[in-house]
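Residue numbers (this note's numbering), protein chains in the order written: chain Y, 69 to 352; chain B, 5 to 257.
In short, the hints are calculated from the structure, not lab data. The structure presented is a predicted model; accordingly, all values stated were derived computationally and were not measured. Be aware that a few hints might be false.
As the list claims (entries may be wrong) - With a straight-line Cα cutoff of 27 angstroms, these simulated DSSO-like cross-link-like pairs (lysine-lysine) come out:
id	chain 1	residue 1	chain 2	residue 2
1	B	K72	B	K83
2	Y	K343	B	K72
3	Y	K343	B	K106
As the list claims (entries may be wrong) - Footprint (simulated), chain B over chain Y, 3 or more residues, beta carbon under 8 angstroms:
id	segment
4	79-93
5	184-190
Claimed, not checked - Stretch-level coverage of chain B by chain Y, calculated; a stretch enters the list once three of its residues show a Cβ under 8 angstroms from a Cβ in chain Y:
id	segment
6	49-63
7	72-84
8	105-119
9	162-169
Every residue, glycine too, gets a C-beta built ideally from N, C-alpha and C.
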Amino acid sequence: MKRLTPVIEWGTLLLSTGIVVFFLVVILLDLTIKGMPALSWEFISTFPTEGMTKGGILPAIIGTVLLTLITAAAAAPFGICCAIYLNEYAAETWITKLIRASIRNLAGIPSIIYGLFGLALFVQGLGMGTSLLSAGLTLGLLSLPYIITTTEEALRRIPNSTREAALAVGATQFESIRDVVLPSALPGILTGLVLTLSRAAGETAPILFTGVAFYINNPTGYLNQEFMALPYHLYMLSTQHHSIEEVRPLAYGTALVLLCVVFFLNLTAFYIRYKHNKNGPRAH
Amino acid sequence: MDQEHIKLSAEGVNLSFGSKQVLKNIDIAFPEHQITALIGPSGCGKSSLLRAFNRMHDLSSNARIEGKFNLEDQDLYEKNISVTRVRSRIGMVFQKANPFPKSIYENINYGLKINGIPKDQRPGIIEKALKESYLWDEVKDELHKPAITLSGGQQQRLCIARTVALRPEVILMDEPCSALDPLSTLKIEDLILKLKKKYTIVIVTHNMQQAQRIADKTVFMYLGEIIEQGDTGDVFNNPKNELTGNYVRGRFG
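Go ahead and model the full structure; you've got the sequences and the hints to work with.
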């Protein structure tokens with residue numbers, strides 16, 4: 069009896085891992101096999117034509133890229149500054165603990181709520197209308213808690229002796245953060261930022277009410293106009309189109325492109341971390 | 005004791021973190037151009053005392069400090085005094101070498117830059133500081149390599165170079181050799197002995213032999229209080245207090 073236990077333990081763990089990997093592989097294979105035929109230079113470089121049944125997804129790609137950039141521009145400065153304040157300046161009182169707990173909770177709020185909040189605040193309250201800007205700011209709000217949390221973790225990994233080294237040669241606290249702490253934490257901060265953005269790029273619910281459009285035929289890129297985005301395009305093609313069967317290959321193609329965008333962002337994060345570990349291995 | 009010029013001193017020091025008192029009514033004085041060793045078991049408050057002089061406790065929100073700290077006639081905790089000025093007059097070398105994640109050259113240049121030393125004077129000061137720390141010959145051809153590629157002992161000498169480049173009057177050392185091998189330790193001790201001609205040095209150490217090899221004065225601390233202070237020879241060979249005797253003979257610690 070006793071000798072069976074390790075086998076069972078080991079088997080359970082292996083089985084769990086196997087199930088996870090199995091589904092992952094099936095999803096990736098299914099998407100690749102069914103999406104590949106749709107992929108072509110034309111698919112990613114032209115506008116959709118004939119009621120979405122032909123043509124490409126260029127405006128959705130541009131829309132997603134611009135949306136992600138606006139999200140980054142809106143959320144990164146505030147998020148990073150907030151994390152610096154919490155980790156470097158704020159005393160550990162019940163107020164900071166409360167703020168930190170609230171930020172953690174914000175990260176758990178369903179994204180559709182952010183969508184409704186964005187609709188109320190940016191679209192209606194501030195009169196920005198359904199637009200690229202409104203949607204980007206809404207996604208920025210969604211990303212803030214993640215950026216704050218990952219930045220704080222990156223800062224916490226910098227040993228105090230590094231801060232003290234700068235203070236001891238006569239640097240002010242601000243100089244020590246600007247010149248020594250932030251450069252050391254930058255790879256960690258960037259990794260967190262890119263991973264957060266890759267999450268935001270795939271979100272549908274927050275942009276649903278705030279600016280995404282089913283179809284636009286004019287050039288995209290104006291902050292005050294509606295736009296197309298990959299996740300929403302995929303949602304429309306797979307559930308809302310008048311001839312779903314006909315556009316299915318295009319839906320798979322879109323899914324594959326979205327996956328590639330997210331994968332590329334994750335790869336960037338991985339590369340930053342790899343390069344940092346290679347160049348500056350620090351023992352602490 | 006003969007009449008020595010007191011460089012750095014503290015009177016009536018009490019320090020607590022939250023409800024924990026770590027220093028109790030400390031009176032201490034460090035004579036100029038001498039090496040004073042602070043010894044005592046872990047947690048006796050010797051590092052906390054050392055760090056009070058260059059105001060390293062300023063950023064701990066729960067630290068409460070009272071007492072009078074003087075560098076010559078300057079009150080170090082006076083309201084209008086600039087804390088960065090205090091820290092460039094009183095340099096510090098830490099337990100674990102903590103070079104900046106920059107090049108060897110930049111490690112020294114940084115302190116000069118933020119203290120407003122003109123650009124054209126810096127290369128000369130950097131070379132001089134590296135020579136003073138006996139590191140120049142080892143690094144002169146690779147000044148722009150990351151400091152992290154140096155050995156532990158070299159990194160610690162770089163940290164000393166970074167400190168002396170600012171021409172401080174006092175150098176505080178917090179167990180500077182505790183992470184080093186015996187050979188690197190001897191090199192640093194050698195360096196410290198040479199530095200005392202120009203600087204007043206206070207060193208925290210756990211190593212009794214080290215204190216006897218380099219220190220002119222020794223201060224024994226226990227549970228946040230100074231138990232005994234005097235010439236190193238007297239403290240080690242003729243301790244007045246029984247606790248001191250037991251500690252330096254290695255009966256506890």
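Hints, one by one, checked against the model:
{"no.": "1", "hint": "B:K72 x B:K83", "verdict": "holds (13 angstroms)"}
{"no.": "2", "hint": "Y:K343 x B:K72", "verdict": "violated (49 angstroms)"}
{"no.": "3", "hint": "Y:K343 x B:K106", "verdict": "holds (16 angstroms)"}
{"no.": "4", "hint": "79-93", "verdict": "violated (count 0)"}
{"no.": "5", "hint": "184-190", "verdict": "violated (count 0)"}
{"no.": "6", "hint": "49-63", "verdict": "holds (count 3)"}
{"no.": "7", "hint": "72-84", "verdict": "violated (count 0)"}
{"no.": "8", "hint": "105-119", "verdict": "holds (count 5)"}
{"no.": "9", "hint": "162-169", "verdict": "holds (count 3)"}
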